[in-house]
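**Student:** Sequence:
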Amino acid sequence: MSEGEGHGHGHGGSHGGHSHAGGAHVHGGGGNLAVAFALNLAFTLIEFAGGLWTNSIAILSDAVHDLGDSISLGLAWHFDRVARKGRTPRNTYGYRRYALLGGLITAFVLVIGISFVLWNAAGRLFDPQPVNAQGMMVLAVLGVAFNGAAVLRVRKGSSLTERVVSWHLLEDTLGWVAVLVGAGVMSVWNLPIIDPLLSIGISLFVLFNVARTLRQFFWVFLQRAPAGFDVEEFEREARLIPGVAEARHTHSWSIDGQSHVLTTHLAMKPDASPEQISGAKAATRALLDAEAFEHVTIEIDAAGEEAGHRGTKEAKEEGGQ
Numbered sequence: 001m002s003e004g005e006g007h008g009h010g011h012g013g014s015h016g017g018h019s020h021a022g023g024a025h026v027h028g029g030g031g032n033l034a035v036a037f038a039l040n041l042a043f044t045l046i047e048f049a050g051g052l053w054t055n056s057i058a059i060l061s062d063a064v065h066d067l068g069d070s071i072s073l074g075l076a077w078h079f080d081r082v083a084r085k086g087r088t089p090r091n092t093y094g095y096r097r098y099a100l101l102g103g104l105i106t107a108f109v110l111v112i113g114i115s116f117v118l119w120n121a122a123g124r125l126f127d128p129q130p131v132n133a134q135g136m137m138v139l140a141v142l143g144v145a146f147n148g149a150a151v152l153r154v155r156k157g158s159s160l161t162e163r164v165v166s167w168h169l170l171e172d173t174l175g176w177v178a179v180l181v182g183a184g185v186m187s188v189w190n191l192p193i194i195d196p197l198l199s200i201g202i203s204l205f206v207l208f209n210v211a212r213t214l215r216q217f218f219w220v221f222l223q224r225a226p227a228g229f230d231v232e233e234f235e236r237e238a239r240l241i242p243g244v245a246e247a248r249h250t251h252s253w254s255i256d257g258q259s260h261v262l263t264t265h266l267a268m269k270p271d272a273s274p275e276q277i278s279g280a281k282a283a284t285r286a287l288l289d290a291e292a293f294e295h296v297t298i299e300i301d302a303a304g305e306e307a308g309h310r311g312t313k314e315a316k317e318e319g320g321q
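Once you know that position 210 of the sequence shown is 210 in the UniProt record's numbering, the rest is easy, because the numbers rise by one and skip nothing.
What the hints contain is simulated information worked out from the structure, not anything from laboratory work.
Check the hints yourself; a few may be wrong.
As the list claims (entries may be wrong) - Pair by pair, the computed Cβ-Cβ distance ranges are:
#1 V111 - V231: 41 to 49 angstroms
#2 L197 - A42: 26 to 34 angstroms
#3 L191 - E232: 50 to 58 angstroms
#4 H251 - L152: 32 to 40 angstroms
Unchecked claim - In silico DMTMM-like cross-links for lysine to aspartate or glutamate, where the CA-CA straight-line distance does not exceed 25 angstroms:
#5 K269 - D230
#6 K281 - E235
#7 K281 - E232
#8 K281 - E233
#9 K281 - E237
#10 K85 - D127
#11 K269 - E232
#12 K269 - E235
#13 K281 - E291
#14 K269 - E291
#15 K269 - E299
#16 K281 - E246
#17 K269 - E233
#18 K269 - E246
#19 K269 - E237
#20 K281 - D301
#21 K281 - E299
#22 K85 - E235
#23 K281 - D271
Just so it is clear, the structure is predicted and the values come from calculations on it, not from any experiment.
We put the beta carbon where it would ideally sit given N, CA and C, even for glycine.
All chains should be modelled from the sequences, with the hints used to inform the complete structure.
**Tutor:** Written as structure tokens, this is what we have:
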């Protein structure tokens, strides 16, 4: 016999004793992404105008970079909205991984953008260009204000998509802080090499953090056990439950980095009482974080049941020889 139990926020209906969250586990990221998208797109237009005003190729290049950012944020916002749809007969876990897809695209665009910045910054190390420092300072103040507001809004979220978007926007904010500091120094001293040095340092810092987030995306897509969940420790604790002889065939993966799935088999002792058998499921579920593990399926194997299956298989193999 088996029992599946859904845990989390806003559960949907149940089917044959197996209940699901039904896609109602909403994290509120859509509004954060919408604000970030609007702020980023508005400032991109200001950047293009400011680049022409200051005759700065660096600012125009950053405007192109931010245009790509705006497209990525728009995609992340769209996919986050799609991810909020309920489950269907064909999409039994809902559409939550669409939000991961948007975040993955955003991460790749960010890596491409950083590579572009590093390439241009490396060139300027050997051929520093004169800049309009005063005009750059004005744009830098606006850049810090717009991007800083977007970062503060998105960092309130907790999804992987919002996390990668927050690093995305933090890169832009730190970039404008570097522009502000560099422009201030260059307005006093003629040291144009400061600009590419700051850009390289910030880009490498953000690239490192984006790489860490990308690794988490890949672990989710490859259905690795959720971070912080130890399958062996879980099975050891399950074996301590009265009446349980063994916990086996445990599989766990994450739907979107926040909502997890687990299936396991409990082999009961030959002398396990009916009360121990019925209570084993609740005791096993108590070992899990009910907020994180939305879909938990526990199957009870009678004493010696799996051994009987193996014996049948071996008998068939021997009979076929």
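**Student:** The structure should be examined with respect to each hint, and the outcome stated for every one.
**Tutor:** Structure-based check of each hint:
no.	hint	result
1	V111 - V231: 41 to 49 angstroms	violated, 32 angstroms
2	L197 - A42: 26 to 34 angstroms	holds, 29 angstroms
3	L191 - E232: 50 to 58 angstroms	holds, 57 angstroms
4	H251 - L152: 32 to 40 angstroms	holds, 39 angstroms
5	K269 - D230	holds, 24 angstroms
6	K281 - E235	holds, 13 angstroms
7	K281 - E232	holds, 18 angstroms
8	K281 - E233	holds, 17 angstroms
9	K281 - E237	holds, 13 angstroms
10	K85 - D127	violated, 52 angstroms
11	K269 - E232	holds, 20 angstroms
12	K269 - E235	holds, 15 angstroms
13	K281 - E291	holds, 17 angstroms
14	K269 - E291	violated, 30 angstroms
15	K269 - E299	holds, 14 angstroms
16	K281 - E246	holds, 13 angstroms
17	K269 - E233	holds, 20 angstroms
18	K269 - E246	holds, 8 angstroms
19	K269 - E237	holds, 16 angstroms
20	K281 - D301	holds, 12 angstroms
21	K281 - E299	holds, 8 angstroms
22	K85 - E235	violated, 34 angstroms
23	K281 - D271	holds, 17 angstroms
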